[in-house]
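Chains as they are written, first to last, in the numbering used here: chain A, 3 to 310; chain B, 3 to 310; chain C, 3 to 310; chain D, 3 to 310.
Bear in mind the hints are in silico, worked out from the structure with no lab data behind them.
Take the hints with a grain of salt, since some may be wrong.
Because identical chains share one entry, a pair is satisfied inside a single copy or across any pair of copies.
Stated by the list, open to error - 27 Å max Cα-Cα, derived DSS-like pairs, lysine-lysine:
| no. | residue 1 | residue 2 |
| --- | --- | --- |
| 1 | Lys-117 | Lys-257 |
| 2 | Lys-117 | Lys-63 |
| 3 | Lys-257 | Lys-235 |
| 4 | Lys-257 | Lys-294 |
| 5 | Lys-247 | Lys-212 |
| 6 | Lys-309 | Lys-122 |
| 7 | Lys-269 | Lys-117 |
| 8 | Lys-291 | Lys-117 |
| 9 | Lys-80 | Lys-102 |
| 10 | Lys-129 | Lys-294 |
| 11 | Lys-117 | Lys-6 |
| 12 | Lys-212 | Lys-235 |
| 13 | Lys-235 | Lys-269 |
| 14 | Lys-291 | Lys-102 |
| 15 | Lys-192 | Lys-257 |
| 16 | Lys-122 | Lys-80 |
| 17 | Lys-122 | Lys-257 |
| 18 | Lys-269 | Lys-294 |
| 19 | Lys-74 | Lys-117 |
| 20 | Lys-122 | Lys-294 |
| 21 | Lys-192 | Lys-247 |
| 22 | Lys-102 | Lys-299 |
| 23 | Lys-235 | Lys-67 |
| 24 | Lys-129 | Lys-235 |
There are 4 protein chains.
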Amino acid sequence: MNFKHLTGLISAPFTPLNEDGSLNLSLIPEYYKFLKANKITGAFICGSTGEGVSLTTQEKKDVAKTWASCTKKDKDFKVMMLTGGTSIADSIDIAMYAQKVGLYAVSFTAPYYFKPANAKMLAACCKEIAAAVPEMPFYYYHIPVLNGCNVPMIQLLHEVDGIIPNFAGIKYTHEDFMDFLSCLRFNNSKYDMLWGRDENMLASLSLGSKGAVGSTYNYAAPLYYDMIDAFEKNNLATAQELQQKSIDMITLLGKYGGIATGKAYMKLVGVDCGEFRLPVKNMSASEFKSFKSDVAKLGFKKFCSVKP
Amino acid sequence: MNFKHLTGLISAPFTPLNEDGSLNLSLIPEYYKFLKANKITGAFICGSTGEGVSLTTQEKKDVAKTWASCTKKDKDFKVMMLTGGTSIADSIDIAMYAQKVGLYAVSFTAPYYFKPANAKMLAACCKEIAAAVPEMPFYYYHIPVLNGCNVPMIQLLHEVDGIIPNFAGIKYTHEDFMDFLSCLRFNNSKYDMLWGRDENMLASLSLGSKGAVGSTYNYAAPLYYDMIDAFEKNNLATAQELQQKSIDMITLLGKYGGIATGKAYMKLVGVDCGEFRLPVKNMSASEFKSFKSDVAKLGFKKFCSVKP
Amino acid sequence: MNFKHLTGLISAPFTPLNEDGSLNLSLIPEYYKFLKANKITGAFICGSTGEGVSLTTQEKKDVAKTWASCTKKDKDFKVMMLTGGTSIADSIDIAMYAQKVGLYAVSFTAPYYFKPANAKMLAACCKEIAAAVPEMPFYYYHIPVLNGCNVPMIQLLHEVDGIIPNFAGIKYTHEDFMDFLSCLRFNNSKYDMLWGRDENMLASLSLGSKGAVGSTYNYAAPLYYDMIDAFEKNNLATAQELQQKSIDMITLLGKYGGIATGKAYMKLVGVDCGEFRLPVKNMSASEFKSFKSDVAKLGFKKFCSVKP
Amino acid sequence: MNFKHLTGLISAPFTPLNEDGSLNLSLIPEYYKFLKANKITGAFICGSTGEGVSLTTQEKKDVAKTWASCTKKDKDFKVMMLTGGTSIADSIDIAMYAQKVGLYAVSFTAPYYFKPANAKMLAACCKEIAAAVPEMPFYYYHIPVLNGCNVPMIQLLHEVDGIIPNFAGIKYTHEDFMDFLSCLRFNNSKYDMLWGRDENMLASLSLGSKGAVGSTYNYAAPLYYDMIDAFEKNNLATAQELQQKSIDMITLLGKYGGIATGKAYMKLVGVDCGEFRLPVKNMSASEFKSFKSDVAKLGFKKFCSVKP
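So here's chain A without its partners, still in its complex pose:
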């Protein structure tokens, strides 16, 4: 199977929630248009940013169906769904649903309670899900900081190559550039290696990455497209300056408690996705006030995504 390589910035959307914590599906069509207006090329739904792990299976299906529905006429916008949880049976169920509603691809991350002992066991897990949707591209989602699976991806590629026909690539959310470069070059660059650490995308570009999946592309896509453009014109000083701006923005995530800060940024760009569910901590009102002041100091208005 020979899938088209994905390129450009793919957003990992937040899952919009109402004030009572229930799904706010009605925001999704607007969210999609917002991403398109900012040249985002696809969406990775129900991932970490999309807090898929905090949704029920039925809720994940509802999210999938809504994204499928509003993007179905747009063949250039690729929607990929994370199926992974700790139950392979659940993942297969969700993968098949993603296929049924017409999403472009599925993704899977290593089970994070019992963990695969090695690349062979991880490949065995991937194989079960990929085999359930043989016509869809399958992407492994590498995020050891959250799933605790430290198998090097070059080992996984060796295990799946020639064995899982629809294995299309890896969303790589880790800092092992040695492993990343080896994967990029594996078997004549056969696999899509989608960079997943927004704060050091510039480094990934120097190694040859062509596509990225991330959460800050939800609200600061122009910044990254400017950086890519500067890099391609070999204007490294500008690219470095823009990467630093991205770092300053991401540093505020740490300062304000982590992933939930992303939904706070979304409020600032006018796409209010609500709050995160437990166990994630959200900002208090006074923290949000202080956050807004910090964001203003960044000059966020100059590089943030804008509504159409």
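Since the structure of chain A is provided, determine the placement of chains B, C and D on it from the hints.
Relative to chain A, chains B, C and D alone:
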């Protein structure tokens, strides 16, 4: 609320699976009788040993219903269900089902993808589930090696005491004896502290623990009851010798790849629960042969659980 | 070689420093008498508590000589010296010096920059130092939380038994009771297993430990002797209560920043050892005031060590 | 103070040892000429590669004196010495000796038994050593994988800037490119940020790094200079290919047990530095044979350093 303290050995049953990986619910009534014949006082179902994380929500409910059905006339045998996954909504759903079919108690462990940042956030998670089944005892399941949540339990007790009326205690699967003793003594020993590390139960007895939940009580209950008896008669040399026997038995779990070895032990006592699901690795046929030989050297027959 | 087993409480002395950070050797004879008055049976010098790692080789020798000098007529008081650093050559030099000045035993901990890859490599290191002082008992110091060496001690015993004639035992500063019991029982309890976690000594007694090395025995020996006494009389409720008192005392170490808190306790019992050297953080004056108030609430006066 | 920025490849030399493990100082002049012939711009002695932690203080001084002696007329070749151990007093002693014999700079890494609790404590340690040699450039050596000190370097720069006049920069042996870029840009790029991960130097170039310190520059300098050249000519495909070659070479370090493999490479380029001291494991003769065969497959001859 004032729950009766649980005492003695509570088994964490394996979930019986057929050769094709589907649930083998028909074995459960026999499994229950086997445990009763070996003086087990309760069952902690769908936990780590019961590979709850690898089951779908529906499958967990099916397991719950079957255990409820075959134990409903036995008020001395307490069945507790682990509801925990990463989705609080799922946990509440399962807790309410456990209540509906008449199980004794529910348990919950910290979400293990996004992790609670501190005791306060962990208590907030517990509160949501406990509040859904206010008439049932609620037990927190502390197992940092698997869920990655390192909040000391004495901090959790401070957060929930007086706040969650049906908080009944903790299944404590960790080696922090300092924390464990402080929890045991907290508020006049108000809470049940169920020891969860079979390989050092003797040490927990010296600190005053009265009940334990574990996987090796499934197949070696007589060994532990003999040890408890020796301890209570202040016959420490015998108790230490028996604890060493338990350690030798548990050392084989490490040698043969971990948790799946438990199901191999079950085959030897005649209660065949099948194999573990992915991502857990099972023994090969030749490993099983070697395992049986090692088990024979232990003198397993002399202290294993026996069928009625 | 058949060494006498060490029993009772062995103190790990703080190294007395002057206000300018230089060695205050003149305090050592008084320190020794203080320990004796509180029934301490030996001293483990230049260990973690003694901040040996922050001393120069010459300073370690000066400390060794001073302890040797003031204890040489007291054959019942055993002084053991930690030789370990990251350089085996340095360790051998110090071990030979310890022998020359007449100390009882030497100890060694795994190098903590480059780390031994397995039990075999760790045993190879031990062998070099032990062979330099073949007449002295050699004790391995197991403290993975500081040296990062996670080799199970039962594996080390298998590697050294019959190979290192003067291997006498292990100072065990870790919570792996499974490993500890197996070591205690190894080869007919041939080796001394000295417990090194004061906060859960009671659990170690139930497993059969007879001696302990720790820092809180410097200033609260009566508490622990009362606990041992209660345990030996099978008065577990009292033993548990005393262990809790020890835990409350140790909890203040965490609250006030760690190991330097020990020197603050020493000031309260009238043996002023000064402050810790960098990189350890000492209390500020206001923290010390707050600390004293917390200590008073513990009822420290009732169980602390007292000057003769 | 305004130090000249270091550029190009700085080697971290192995410490030459004789077969009996003693220092082989006589090889050092030849080693220096070998590095010069391969355009190496300096040497970072007694670091991790130089196994400084396994040497005695006197041995470190002997190594320092020998390097100073053979490089003293070469002002373009900068020798920097790692002073760090766990004793600040030792580090000061060594720093002053380095100054006395005329080395260019000193370096220091966080104590690795007791660890600095935060950036402030780490800065306090740096200050003591830097103040002892106020005329010499002082470089912090950031290598959390070995010293366990995870303080972000941007925090350290904030603590030392304006406080330690001779703080000149950081040897950065870690993969946190976000932190690295922020340090590079700190205070108008005031500080030297020397890259320390040979396997992903290409990524560091894209962020603007101008100098690097590493172990593989000892034996494969031409490979890296070719890569830098390709990068500067914006020929990324070639640069990526050369970085992959470096990765393949470094992958053999993992395969053959780690750091000692570096000395095996040195044998292949004709500069025999002997073996590593304990606790490091060296290759067996049969492993060395297999290693040589793997190295041949890499085409090592085409890019390795060559004798003058």
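Could you figure out if Lys-291 and Lys-102 sit no more than 27 Å apart (CA to CA) within one copy, between two copies, both or neither? neither (43 Å within a copy, 45 Å between copies)
Between copies, within a copy, both or neither: which fits Lys-74 and Lys-117 at Cα up to 27 Å? Neither. Shortest intra-copy (36 Å) and inter-copy (35 Å) distances fail the 27 Å Cα cut-off.
Evaluate Lys-235 and Lys-269 at a C-alpha cut-off of 27 Å and name the case that applies: within, between, both or neither. Cα proximity of Lys-235 and Lys-269: none, with 33 Å in one copy and 44 Å across.
Lys-122 and Lys-294: within-copy, between-copy, both or neither at 27 Å Cα: For Lys-122 and Lys-294, only the inter-copy Cα distance (25 Å) is at most 27 Å; the intra-copy one is 47 Å.
Go through the copies and call it for Lys-291 and Lys-117: within, between, both or neither, with a Cα cutoff of 27 Å. Intra 40 Å, inter 25 Å, cutoff 27 Å: inter-copy only.
What label fits Lys-257 with Lys-235 when the C-alpha limit is 27 Å: within, between, both, or neither? Neither: 34 Å inside a copy, 39 Å across copies.
With identical chains, the pair Lys-117 and Lys-63 could be close in the same copy or across copies; at 27 Å between alpha carbons, which is it: within, between, both, or neither? Answer is both: 25 Å inside a copy and 24 Å across each meet the 27 Å cutoff.
At most 27 Å between CA atoms: does that hold for Lys-247 and Lys-212 within a copy, between copies, both, or neither? both (21 Å within a copy, 21 Å between copies)
Quick one: Lys-235 to Lys-67, C-alpha cut-off 27 Å, is that within a copy, between copies, both, or neither? Classified as neither: same-chain Cα gap 40 Å, cross-chain 49 Å, threshold 27 Å.
I want to check one pair: Lys-129 and Lys-235. Are their C-alpha atoms no more than 27 Å apart within a copy, between two copies, both, or neither? Neither. Shortest intra-copy (41 Å) and inter-copy (43 Å) distances fail the 27 Å Cα cut-off.
Is it within, between, both or neither when you check Lys-192 against Lys-247 at 27 Å Cα-Cα? Only across copies: Lys-192 and Lys-247 sit 19 Å apart there, 33 Å inside one copy, limit 27 Å.
From the Cα coordinates, with 27 Å as the cut-off, is the pair Lys-117 and Lys-257 best called within, between, both, or neither? Answer is between: at 17 Å across copies they meet the 27 Å cutoff, but 30 Å inside does not.
In terms of the numbered hints stated before, the structure departs from hints 3, 6, 10, 11, 13, 14, 16, 19, 22, 23 and 24, listed from lowest to highest.
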